[in-house]
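S.K.: Given next are the chains, with one letter for each unit.
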Amino acid sequence: MINLGASKYKGLLITISFFLVFFILVALFNIYLGKSLNQENERLNKIIEVHSQIAAAEPGTPESFWQVRSNELKTLFDGGDIAGISYTPVNKQIDRSTYTSIQTGLNNLGTSSDFYTDKNRLNGQLSSLENQWASVIESKEKRFQILQYASIVLAILYFLGIVFQMVRNFDNIDSEIEVVKNETENILSTVNEGLFLITPDHEIGAQQSQALKGIFGMKEDIEGNFFDFLNKYVSENSLEIAKDFLGLLFGKRVKEKLIDDLNPLKRVQVNLERRDGSFETHYISFDFKRVLEDKDVQYILGSATDVTQEVLLELELEETRTQSEAQIDLFLSVLHVPPAQLKLFVNDTNVGLNHINAILKDNDNKDYKDKISQIGRVIHKIKGDAALLNLHSFEVKAHEFEEVMAEINQNPSLKGEDLLPLAIQLKNMIGHKDSFLAIFDKFDSSKAELDKAGLKVSAGDSSGDSEAAASPAGSAIQQMVKRIADEYGKHAGVIEYDNTQSGHSPEDLKPIEDSKIQLIRNAVAHGIERPEQRIKSGKSAMGTIYISTTETNEAIELVVKDDGAGIDVQAIKQKAIDLHIITESQASDLDDKQIAGLIFNTNFSTKDDADLNAGRGVGLNLVKEIAKQHNAKIGLVWKPESYTAFKLVFPKENLIEANNNEDDIS
Amino acid sequence: MKLMIVDDSKIVQNMIQRFLTEKNIEFAGKANNGKEALDIFTIVRPEIVTMDITMPEMDGIEAVKRIVAIDDSVRILVVSALADKATAIEALKNGAHGFLCKPFDERDLNDALYELIEDLVDE
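Chains as they are written, first to last, in this note's numbering: chain A, 1 to 666; chain B, 1001 to 1123.
Wrong hints could be hidden among the right ones.
Distance windows between CB atoms, simulated [to be verified]: (1) Ala1083/B / Glu293/A: 33 to 43 angstroms; (2) Lys243/A / Arg1045/B: 33 to 43 angstroms; (3) Phe1027/B / Glu183/A: 47 to 57 angstroms; (4) Phe1027/B / Phe331/A: 43 to 53 angstroms; (5) Glu403/A / Lys1023/B: 48 to 58 angstroms; (6) Lys295/A / Lys1023/B: 22 to 32 angstroms; (7) Asp174/A / Phe1027/B: 55 to 65 angstroms; (8) Lys181/A / Asn1014/B: 51 to 61 angstroms; (9) Lys1023/B / Phe331/A: 47 to 57 angstroms.
Simulated from the structure, these hints should not be mistaken for lab results.
A virtual CB, placed ideally from N, CA and C, is assigned to each residue, including glycine.
All chains, please: the whole structure from these sequences, using the hints.
M.R.: In structure tokens:
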């Protein structure tokens, strides 16, 4: 069935139908006219026949003969049949006068006296009737001809009209097509994606968007077999999958939306030549859609988009993520490994990496397999060391190095450039080591800051004092300690423990606070050594002062302990003698504890102490006084090179009582 | 429409069963491998099948082939990890209709199932 659905053809169809109808009508009309003409000719012939019969008649012809002739004439004019031929009545407008007189003549001829004269007259009349009739026919014929010509001209005009209409139609269609083509061209030349059609034979259609060739760095439109074109950019495996994939799309069975994940051409690497001759890597993504017509797949619409930016961003994000993970890894590593060991590891690794660099750079050694095995040994050691210290990120990087080496080593014969990937791996490891060092250094300096602020944070070293609950004057104490430490050019931090009830008034606790301060001062001044000396002794540069204030039912105990040098009994003995506090002989009688006790003596303060605390009893002396006032017991223990600890036990009853007394003294 | 789940992981079987909310589909049976799938298929005669193509003991492709041979009108959704594109495409060439990649969530599953049968469903 020819599809004449388009309405633009409907008009044409109607016109042609009218033409056909017109044609048929004209034809019918012609046939009718022809028939009618024919009849008139027959009538004329009959008249001539009658005429010749009458002309041949002799006198004495029977009456019936004239009757018959008359009837025949009558039939010829009024209609009827003669010898099987029907005649229609003559047109009313025709002049019948001749006919009438002929009829009269005929009627009289039978009884005519002058037969021949009457017959001649009749002949004449009949002749003139014939002429009359001939001219009737002639004019009819003329009209007929005119009608024929007219209908031909009309037909031609009509035909021209149809042609004109058709031409106009086509013209309209043409300009419509032109407009559509223009719009399509505009779209195709502007759109960013490379659009193209793939035929079922896998040919690339001629109509494509302008962008397509640019995406692939070509100057001419892309043509030919789509897979031949792809072959330049993808692996054989991917090409096979692509063929299968497009095959599925050309079929009708598989659901288009459900196979998009299997598109193997979502990221095709294309190397475009730049103007300066160098190459730039681009990533192109292909999308495919079925083009359906009547539920049949006519084409596949291909769309190529340059997704280089997205891909690079993704790669960058991936890189950043891996880096962040590595950094966290590093950071955690730094936290759990003792600093000394870390430093050692970094040093060894540095040496190793430099060694690898030297091996790679050595142009004299062409034995590349040997180079690889040398490098392998170094990496293996680094990997092992890293594993020991649980430095996971180093382990992973070393492992990666090993894998790259293993892959290169599979090649039976090596050339210099085969080892290029190793240079990259080396660069990676050095970078990692540097990041590691950077974090480590940062951490170390932060640690120093933290230490100074009184928070002891050190790797693998847990001090027994876990509950560093800040007392109300906590940070003040820390600041004070820092100040005092600075004064004496030392590093000291403080850890405090305080469980006294909150019910006490500041006045009640003042003696304890005062003692605390003096003991701290003493600890910094005399207990804790200078940083250099501490390091020499294998201690950390920063000393720590532990302060604990403990409340029991009866008393409040204050302990101030430093991790300093302890009490140098000999030095005290000597000093006491020098200061004439005791004599030599007296000194020899005293035991260590008693000698140590001398530090509480009024005169035992050093010059510095006096300067700083002028006007009051100084340092430990003051402490002794306070203790005496409040009936507190003083305890002192020490271990040379390790610690010194003071303990004061203040009976609670005296604290409240003593308050009243203290006002008198101060 | 009846759904049959073919997967060697009970976890995935249960997951699909739980996730199923597409109103035109109801769960009708499950199988642990391709061989079982055929047996259960002939009994249950589902209109839709989800097929894991990484199963042992008659791989999914074989199962797809045989099911399509019995009844070509069955809609088959291949379920698999994305790493194995070639196998998935092979299954599609042998008569499956679509692909759903693991891991998937509730919405992914129901969208895919709807896509699978959208031309059969009046909406």
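S.K.: Could you work out which of the previously given hints the structure breaks and list their numbers from low to high?
M.R.: none
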